[in-house]
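Residue numbers (the numbering used here), protein chains in the order written: chain A, 32 to 389; chain B, 1176 to 1262.
None of these hints come from the bench; they were simulated from the model. Cβ atoms here follow ideal geometry from the backbone N, Cα and C, with glycine treated the same way. Among the clues, some could well be false.
Label pairs and their computed distance ranges (CB to CB) [as the list claims (entries may be wrong)]:
| hint | chain 1 | residue 1 | chain 2 | residue 2 | range |
| --- | --- | --- | --- | --- | --- |
| 1 | B | Ala1249 | A | Glu88 | 48 to 54 Å |
| 2 | A | His227 | B | Arg1252 | 30 to 36 Å |
| 3 | B | Ala1212 | A | Glu165 | 36 to 42 Å |
| 4 | B | Met1183 | A | Glu372 | 43 to 49 Å |
Selected chain A positions facing chain B (in silico; Cβ < 7 Å) [what the hints assert, rightly or not]:
| hint | residue |
| --- | --- |
| 5 | Gly61 |
| 6 | Glu65 |
| 7 | Trp89 |
| 8 | His90 |
| 9 | Asp305 |
To list a few chain A residues with every Cβ distance to chain B over 10 Å, as calculated [to be verified]:
| hint | residue |
| --- | --- |
| 10 | Val36 |
| 11 | Ser108 |
| 12 | Ala112 |
| 13 | Asp115 |
| 14 | Asp147 |
| 15 | Glu165 |
| 16 | Pro170 |
| 17 | Asp296 |
| 18 | Arg312 |
| 19 | Gln329 |
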Amino acid sequence: MGRTVLAIGTRKGCFVMESDEDRRAWSMRGPLCEGWPVYHAVFDQSDGTLYAAAASEWHGSAIWRSTDLGETWTHSSEGLAYADGGKKLSKVSTLSVAHGRVLVGVEAPGIFESQDRGDTWSLLTNLEGQPGSELWDDPANQPPGHLGISGLSHDPDNADRFWAIVQGMGLFETTDGGSSWAPRNRGLRADWPREHEEVGFCVHKVVRSRTDGDRMYQQNHVGMHRSDDAGLTWTEITEGLPTEFGFAAAAHPHDRDTFFVIPLDPGHGRTMPDGKAAVWRTQDAGSSWQRSDSGLPQQEAHLGVLRQGMAADTYDVPGYYFGTSTGQVFASADDGESWTEIASYLPAISSVDVAIID
Amino acid sequence: MPALHLPMTLLPLFPGLQRHVDVEAATVVAAIDELDARWPGLRDRLCEPGPVIRPHIHFYVDGERAQLDTPIAAKARVDVIAAISGG
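Next comes chain A alone, as it looks inside the complex (with noise of 0.2 Å):
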């Protein structure tokens, strides 16, 4: 029977869940990372090594390591700098493992690649010439408080071409390894000026089908998107939302028009609306949207759910896991018809990963 094994990054340390295929009961260690604040923890799903992006106050930004599901950890950080010249690694934000390469995105956006996993790490790209980038490159707008590289995308079936979400530009695609850049933002909205045709846009998550690569869906600042063109052009799918604001999404693993979203409220708060928590699905790529909320509380339930926060597995009947900003962790083991609370006392969740340890 696999071993069902989730990766929970907080602001205290990697935590490892595991469970069976039944996804029921589940056991729980950590924290891990000697409590480094962890902004996205990732599995290599072809082998099961753990990858956690975490950033000390006192000893700065590393990569951690582990083979063993969270047993034993190492941690490297060699290579991963800005050459000087004014530009700043502050953070690193997210990781994309595939093909061999682990990625990690950065702030100022930057993406830095490492082909030995994790030991050493070199600058692959930080979007040279693309709209924006004048704003990310300059010295005097460097971090913390500025632009970051939020999210990383690889496609797995060809390990040249990715995506790459900069916050407050958009989602850029290379498909030469990274030596070029293109922005895949056509029709999306936004209800602010821009400086760029083509930037300018709030992406906060994109989710590709694993059985459609040409089907995307993405939650902005402003609306859910869906493209059938792998990102070059995109539709607006928020009507029967209950707001247009999120950042948690994920894709049904075997259905290419069923797709998961935790809307919240786009103010200060940014948490589910009215206190009642909720995930909604769409079955029918965005024509109509469902509430799921069997399970989760409804009462005074002011939670938040960030943009790596959400995940989805691959059975049969797919489960599905997301961890809010106050420490719960929720799991739906029946492709998203009920919800039942499986951590409820970690620290600020900033992402869930899942994977199938045969």
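The hints should help you fit chain B onto chain A, whose structure is shown.
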């Protein structure tokens, strides 16, 4: 031989690292170089690229705030302090 007193938060990151380490170094930066030679990667936990000392790490030589080029006498005590920060 100068004695380095390191913050507790470093110890779990580098197997074998002790709270107190004797070094043969004439400056703070030389002491960091020696630590990094014995525990690869340790420099990055104390310094940003440049190198410059990380903002929330302070060095003291015999009780006086020190910089990378501060000399270390043969019997000096060097304290490496992680700032009181976080929450």
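For glutamate 165 of chain A, is the shortest CB-to-CB distance to chain B above 10 Å, so the non-interface label stands?
The claim holds: glutamate 165 of chain A sits with its nearest Cβ about 23 Å from chain B, beyond 10 Å.
Hint check: 7 Å Cβ-Cβ cutoff, aspartate 305 of chain A to chain B
violated (30 Å)
Could you check the hint for me, namely that histidine 227 of chain A and arginine 1252 of chain B are 30 to 36 Å apart, CB to CB?
Given a distance of about 56 Å, which is not inside 30 to 36 Å, the answer is violated.
Beyond 10 Å on every Cβ pair: is that true for arginine 312 of chain A relative to chain B?
holds (37 Å)
With 7 Å as the cut and Cβ atoms as the points, is glutamate 65 of chain A at the interface with chain B?
For glutamate 65 of chain A, the interface hint holds, since the closest Cβ of chain B sits about 5 Å away, which is under 7 Å.
Does glycine 61 of chain A meet its interface restraint, that is, does its C-beta lie within less than 7 Å of any C-beta in chain B?
violated (14 Å)
Nearest-CB test (10 Å) between chain B and aspartate 147 of chain A
holds (14 Å)
For valine 36 of chain A, which was marked as not at the interface, is the minimum beta-carbon distance to chain B over 10 Å?
holds (23 Å)
Classify the label on glutamine 329 of chain A as holds or violated, using whether its beta-carbon is more than 10 Å from each beta-carbon of chain B.
holds (31 Å)
Against chain B, does serine 108 of chain A hold up as non-interface, every C-beta pair farther apart than 10 Å?
violated (5 Å)
The output says aspartate 296 of chain A does not contact chain B. Does that hold with a beta carbon cutoff of 10 Å?
The claim holds: aspartate 296 of chain A sits with its nearest Cβ about 25 Å from chain B, beyond 10 Å.
Minimum Cβ-Cβ distance from proline 170 of chain A to chain B exceeds 10 Å
Holds, since 14 Å exceeds 10 Å.
Hints 1, 2, 4, 5, 9, 11, 12 and 13 from the earlier list are contradicted by this structure; the remaining hints agree with it.
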